[in-house]
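Undergrad: Sequence order for the protein chains is A and B.
The working numbering applies: residue 3 is where the first sequence begins, and numbers increase by one.
The working numbering applies: residue 3 is where the second sequence begins, and numbers increase by one.
Derived by calculation from the structure, the hints in this document are not laboratory data.
Each hint should be verified, as a subset may be incorrect.
As the list makes no split between identical chains, a pair holds if one copy fits it or if it spans any two.
[Said to hold, decoys possible] Calculated pairs, BS3-like style, for lysine-lysine (alpha carbon to alpha carbon, straight line, at most 25 Å): (1) K228 <-> K411; (2) K257 <-> K289; (3) K411 <-> K304; (4) K293 <-> K228; (5) K352 <-> K35; (6) K37 <-> K153; (7) K250 <-> K228.
Now for the letters of each chain:
2 protein chains.
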Amino acid sequence: MIIESQSDHENAWGWLKALPEKLWGKVVDVAEKIKKLGEDDPRRIIHSLKVGLALTLVSLFYYIQPLYDGFGANSMWAVLTVILVCEFSVGATLGKGLNRMLATLSAGALGIGVHSLATLSGDTGQPIILGFFVFLIAATVTFARFIPAMKARYDYGLLIFILTFSLISVSSYRENDQVLVMAHQRLTTIMVGSFIAIVTCICIRPVWIGENLNNLVANNMEKLGKSLEGFGREYFSIPEEGPSMDDKSFLQGYKSVLTSKETEQAMANLARWEVWNFRFGFRHPWKQYLKIGTLSRQCAYKVDALNSYLNTKIQFQTPSEFQSKIQEPCTKICSESGQALKELALGLKKVMNQPTSVYLHIERSKMAAENLKSLLNTTSLCENDNLQVIIPTGAVALILVDIVPYIEKISEALHELASLAHFKRVEARVSP
Amino acid sequence: MIIESQSDHENAWGWLKALPEKLWGKVVDVAEKIKKLGEDDPRRIIHSLKVGLALTLVSLFYYIQPLYDGFGANSMWAVLTVILVCEFSVGATLGKGLNRMLATLSAGALGIGVHSLATLSGDTGQPIILGFFVFLIAATVTFARFIPAMKARYDYGLLIFILTFSLISVSSYRENDQVLVMAHQRLTTIMVGSFIAIVTCICIRPVWIGENLNNLVANNMEKLGKSLEGFGREYFSIPEEGPSMDDKSFLQGYKSVLTSKETEQAMANLARWEVWNFRFGFRHPWKQYLKIGTLSRQCAYKVDALNSYLNTKIQFQTPSEFQSKIQEPCTKICSESGQALKELALGLKKVMNQPTSVYLHIERSKMAAENLKSLLNTTSLCENDNLQVIIPTGAVALILVDIVPYIEKISEALHELASLAHFKRVEARVSP
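Could you build the full structure based on these sequences and the hints that come with them?
TA: Rendered as structure tokens:
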């Protein structure tokens, strides 16, 4: 027991001695993570500085006497508004700013109306009428926040509506004569605050969420294309052209596409606030991006199914007759479809029409798919073929045949997007 | 031309006449949607009434003289807090309330510190020092909101930190002597507001987000189980036991599992605030749910791959030799794995250990999978087998063999959850 407690003691001492080092390690670790966060997306640092700047600007209302004379302690609402409205992207900032202004305006008007009604009913009646309306409006508007269409775009506005209405109607009980002044000052300060937030957000290195959505959808297609190409080379053991890639991470690229649905949805909701954008123009068809996203995701499920066959890969070093027959159209589908996806992604990133070479790639994959189908339909089996080879290879072939129509649908959806949004036309060189 | 414009005129008249009917149709349509929203989840109606009630309670601070004497116009902060903190679930309400209180406390203290520092530097220096600190703190804390670990749990707190700090330090410039009183009153009113919101949320029909997560994960497993069972019956054309189900929607049930990742993640983040729940006890292992969710999703991708073979289903009315050989183990895997998933889901819903019958089902599916594997390895082909039948059926068999380990992993993860969370032990009758 003595020995044990001695060793316990030593352990504790050792632990204590190692503590500063451990703590320092933690600090360095956290600092590195923070540094990486900034390096990954320097727009985050710029956004932080923008918030600081907007806040410093709005606090001038306190420091400069003539400005302070105008609003007095109500300048508080301007400060509050800047902090709450300043968001990372233009879409989010515009959405919050407009929501906040509209909600304050309408709730203020309603609050004044209810206040007038309540004053009519004397000293005892007033709090009862006020209380009744606050309950009614709060409950109704809270329920309205559950309506999906409202939640998507006006959730913040509905919250501010309840807030402003309650504050104005409840405090009107104590400041009977001041209600109009109060409501007016509140509205003005909130408009000033929103204005400062929106101007800072748009004028200094703006982050357009619509462009982020455009790039996200394009990157997802690119990842799919790379995974598909990579699968073809891996499964059929084709030596790489160009420098060999030991890093097989491109094979896993499609995985982030599987779960991107909610991110895309949220971004599209915010992008709709960016009614005008110098790259996309006025009223861009954001819904079309969701359609393309859904098709990409369905395609990603197929690629996932393909990838599960990589684990049970059959060596193609000495291919059976069946394998050597289907190998050519299979690799053709992988490379042509992958190429088509990558070119579609590039076109979308540059906000231009699909180059005609995409149609060629799709035509070629369709031909390869037809070829593969007829091979599967006409090939008869020999006795020496065995099931362990035929089934997985054949299943891969079936999935590849299945993928081609999705690539075509994605291309059609992109074409629709390009015509809806008047993308610029590009005559790409056709390389037959 | 005259005829045309006449018909135009008639059209316009007809459109005008139909307008009230159309509008009425729209109104009825919206009303029905709203009614359905309430019927789908009556907790939404209760939540709306709760918000109304909490707000009426907090506005008593204005109506009742002794209460108003205590806080005066600062009661506004209590009203504001109730509206902002009242959320649908206990987890969200607790998270926001605690965030708000802690952030107000710490930012208030820092604000007072900076104010004291600024007063030392005279009339000209004061706004410069205040402005500098507001910029610094706002920029730093805004950047901290990008750190994923902070964003997940303390995003709201960080926002309130900037807000309180700015309000107190900036307005201290105008109300030099009042800073301590102001900070103190702000803190007290916010605590009262948060307290009212939290009590209303917990005491009246509370919605525990942790229970929702528990049920979501359980329901997802159940949907997977049903889809898997349904697939087995559909693909191998097995007549239904019991009443026939014309509605094939159960086949599509797995689809919502594919995209549930972000919902689960968000729910787990909120559930961690519910440190105590009368059903789950103290510090429930919410992370484990995410692990189960991920496994379910991987299983759902497999089911999606299976379902794509339903479209190209081969009639099993006159099965080939190969088909009749593998049909039995395939349907066995579908029914036993599906049954296992359904029982696991039921156990999780009831918050108890897995019934031993689950292990039996899993054992049986594993045996069937082994059986199927050896069938695929040993069967030799006859000349009259054709590829169009062998490949898709064989591919289905391969995916089914692949699914079994996932079911086992899900069961293990659930077992781990049960032991971590001390689920109650249930001795289920074993039906061999």
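Undergrad: Against the structure, test the hints numbered earlier, and report the numbers of the ones violated in rising order.
TA: Hint 5 alone not satisfied by this model.
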